[in-house]
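There are 2 protein chains.
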Amino acid sequence: MLKEAIYHRPKNNYAYAYDESTLHIRLRTKKDDAESVSLIHGDPYDWGDGSWNYDTKQMSKSGSDELFDYWFVEIEPKFRRLRYGFELKNKKDVLVYTEKGFYKSIPNDDTAYFFTFPFINKIDIFEAPSWVKDTVWYQIFPERFANGDTKNDPPGTLEWGSTDPTPTNFFGGDFEGVIQHIDHLVDLGITGIYFTPIFKAYSNHKYDTIDYMEIDPQFGDKETFKRLVEACHKNGIKVMLDAVFNHSGYYFPQFQDVLENQEKSKFKDWFHLKEFPVVTEPKPNYDAFAFVSAMPKLNTENPEVKDYLLEVGRYWVREFNIDGWRLDVANEVDHQFWREFRKAVKEIKQDVYILGEIWHDSMPWLQGDQFDAVMNYPFTTGAVNFFAKDTINAVEFKNIISNVMHSYPNNVNEVAFNLLDSHDTPRILTICNDNKEKLKLLYVFQLSFTGTPCIYYGDEIGMTGGPDPGCRKCMEWNTDAQDRDLFEHIKKLLQLRKENSTFTANDINFIVSDTTTNHIVYTKKDRDHETIFILNNSDKDIEVEVPLYMKGKNVIDLWTGE
Amino acid sequence: MLKEAIYHRPKNNYAYAYDESTLHIRLRTKKDDAESVSLIHGDPYDWGDGSWNYDTKQMSKSGSDELFDYWFVEIEPKFRRLRYGFELKNKKDVLVYTEKGFYKSIPNDDTAYFFTFPFINKIDIFEAPSWVKDTVWYQIFPERFANGDTKNDPPGTLEWGSTDPTPTNFFGGDFEGVIQHIDHLVDLGITGIYFTPIFKAYSNHKYDTIDYMEIDPQFGDKETFKRLVEACHKNGIKVMLDAVFNHSGYYFPQFQDVLENQEKSKFKDWFHLKEFPVVTEPKPNYDAFAFVSAMPKLNTENPEVKDYLLEVGRYWVREFNIDGWRLDVANEVDHQFWREFRKAVKEIKQDVYILGEIWHDSMPWLQGDQFDAVMNYPFTTGAVNFFAKDTINAVEFKNIISNVMHSYPNNVNEVAFNLLDSHDTPRILTICNDNKEKLKLLYVFQLSFTGTPCIYYGDEIGMTGGPDPGCRKCMEWNTDAQDRDLFEHIKKLLQLRKENSTFTANDINFIVSDTTTNHIVYTKKDRDHETIFILNNSDKDIEVEVPLYMKGKNVIDLWTGE
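Which chain is which? The protein sequence lines are A and B, in order. Residue numbers 0 to 561, in numbering that gives the first Met the number 0, belong to the letters of the first sequence in order. Residue numbers 0 to 561, in numbering that gives the first Met the number 0, belong to the letters of the second sequence in order.
So the derived label-pair ranges between C-beta atoms look like this: (1) E310(A) x P302(B): 21 to 31 Å; (2) E280(B) x Y6(A): 43 to 53 Å; (3) P302(A) x N320(B): 24 to 34 Å.
Anything over 12 Å on all C-beta distances counts as not near chain A; from chain B, calculated: (4) S104; (5) P128; (6) E222; (7) K263; (8) K435; (9) V443; (10) F532.
Just so you know, these hints were derived from the structure itself, not from any lab. Beta carbons: idealized from backbone N, C-alpha and C, even for Gly.
Starting from the given sequences, assemble the full structure and let the hints guide the process.
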């Protein structure tokens, strides 16, 4: 067996506590190399006659990607602590893999050879709010969803949908508009709204905050927001807000004070200034988001800044009963801040969902002490490239999805935020090159996958648009101009997701990934049921046989109900 | 190249902030596979004409073990954030490795392919106290070091060294004894003392605490301890105490209260009880250290317990100015507790050293938020097996040491607690089968290695002893019975370590690992100097050539001074 391919390291996606009594252990091997793998396991202190008492337990192959097979086993150690290693077999070899390296047989004269999960301490377990895995999100960009109250329109507001969005124009979308259209959301079947920023800011996107404690007046006031949250809750819809804590806006008074008073400003330690005088042109001489001078990076290590932002985190949960925080540019803020943020907001409300915006591999933020989830862009890339763009084939797609799933613990996957597009990308129908059939198939995949999916406002009725600002058009409320067929398709999928627990289950098995026909077949299983999904990602009709083991069983076609 | 062997994942030993401006990046490849590796790197937001602007920087091979080569590069990203990947070359292949997988050439139409170090936030950097890397520790088991005050002897105290130690006998060692013999330690040249537990307890080893806020009366009182710390500090010696927070002792009043009042005890949530009545026999029906009923595991998630133990942590630092805490069974206590512990004690004294007792791979505790170091048993195993036991050859030894060093960031290695033996193992001379020449060689290696070495009391004068309790004999104070030659050998090494910064430097390069002669040659380098170490781990004389590149240079023999 190829020793170089074998990988395991505890306390991340390879070994983690799933709950108070259960450990999940994974092993990586070269693809098609090992034929069986067993976990060698025992209590670290269970000795008798100078040797360690161990058992073995068969592992199952939970997936494969381009290069590797992944093996999985669940175990409930009686005393919540475990020493363990692996015994790998194929026709030619038997190999024992431990923390100290490879052996030909199981060394049990000492436990020091073995990997360790020292103790399952409850407080360290990754535990997202239980409601999240059954939630389907709907992302609203408030300026563009609906104008329900023209009295709060900012000066120069354009007529709804009268022209294409630009980086600077305004159409008057507000909270009243959301309240008035909540039936649309209930009808669709979503159960959570993620609002991009709503706090007082300068731009139409509001990512350049002026005051984190105030609602932007163009959206309404605190009373309107309270009514909005209540209306959502009454309709079984959770509310998540966007926390832009990496940087403030240019008109944030503390930053204005710095520009005005320079070295004498009492806020000079609120930012990462490098020299005086502080200048914004031609280039900012302070740390900023990217190189955007209007978005000065906040010094979240400064206790004053920390106190201020943590209180922001607490305030909107405490006073308005919101259910989640989405954290903008979360990976550039220090881990220490996020640990304190988690503690602060969960002390107010235990089951607040904390979602980090991170586009890359995010294990360091998902250890249980910081976030409940990240925006699952690796999932997005795989799904979009296969279904929407046709740039990868069925096998490459399966490999990517398998790789994503094995990059995180199962309890992390169960609450991953699986989006197809957002205010930061072109709209998904546009990415699909306006091919609605492809989009429908993509929705089948997204909405049958584990995690918590998100639909970007307007996608459900066939809206199109290129990169920002094109993807931020005004919501189409004229039902004649809406694609109701697409709406019904998504609605039906959401209903099926609600009724069939296999949709949200973590256990996915790709039975077929056919590069010739470009179709895939996967099953999803929970304790009691199994659902088989057959997705034909081509424009040709194909015939697919039901897998052998399903023959003769009582099978219901979920799509037709037959 | 063998793709399956190539490994990198950020925010651990493969990519970490070394200081406020410097990142260290490592890559693992199959041994002798890649001939050169470059880091592809750039600012995540540095775009021009639709493509990402990147540079490349050559990496150097920093070591190899049995299966792998390790590549290293240091980089100072201008804006403290980095996107990066790797370009690997050998005669046959060019391969680009990114977070998204392998490519034939560098994809720069998007930064999403690449690995990310999002931002160097100062507060997240692993930063141990600066004094630690120059410290040489001396471990004292207080009951057996010296009896300086017979007035505090416990009942039944035996005459010093009159008999072999047993698990239950007492010889009256105390603080006054340490104070009286401080000259011995100064003469040897050590600069830190690690005391096994000194708090009120039942046993002779004191790991079964009764009161964490009181000195055990057999050692003296708080006034004596204050004098001891002052005497140490006056002689340039740091003081580290042992915190046994995983479990209390049987006679801990809170546990006694549980045994007495059972379900009605107000301390029932201080432990991990599983049922009532709580019983200690035949087996404890509560969580304990190993299966020792007299050591009930403390519930460190209980805020009352946490407050109590954190105050213990603060108290001895604040009131007695101690310099370090060694944490017993540290891996079985929750991470959350240790994060709070670090914050609590460092708020009192910024440069307290926090050392965890962990016997296995410990990356999850060494991320900057918990410990400054762990007891480096993987180092111990490698060094002892080669020099003391002869169970591995020179190449296997080099592989283990290289593997240990690449398991952690360099700033972690620089303060690793490198011990040869302790109160938990046989004495090192006994492990050497009483072969003093082997032991001398082992000391050369230990004391020329990066990290912070520790000498177990009495080892320096040739004491012997098997496993606990054999290794806990009374210190030999009769100079005629002491091995003064060994003492002088170690003293000389400590002097050389003090005078030559290369000894503590992190940069080690094994030039020769000869399995025939069993000799090794390694160099250690810092900015200005290089030292070559030639260790002949055999009983035969050998001739060793000075490496070619050193010929003609001005070479000083550090051992003879010539």
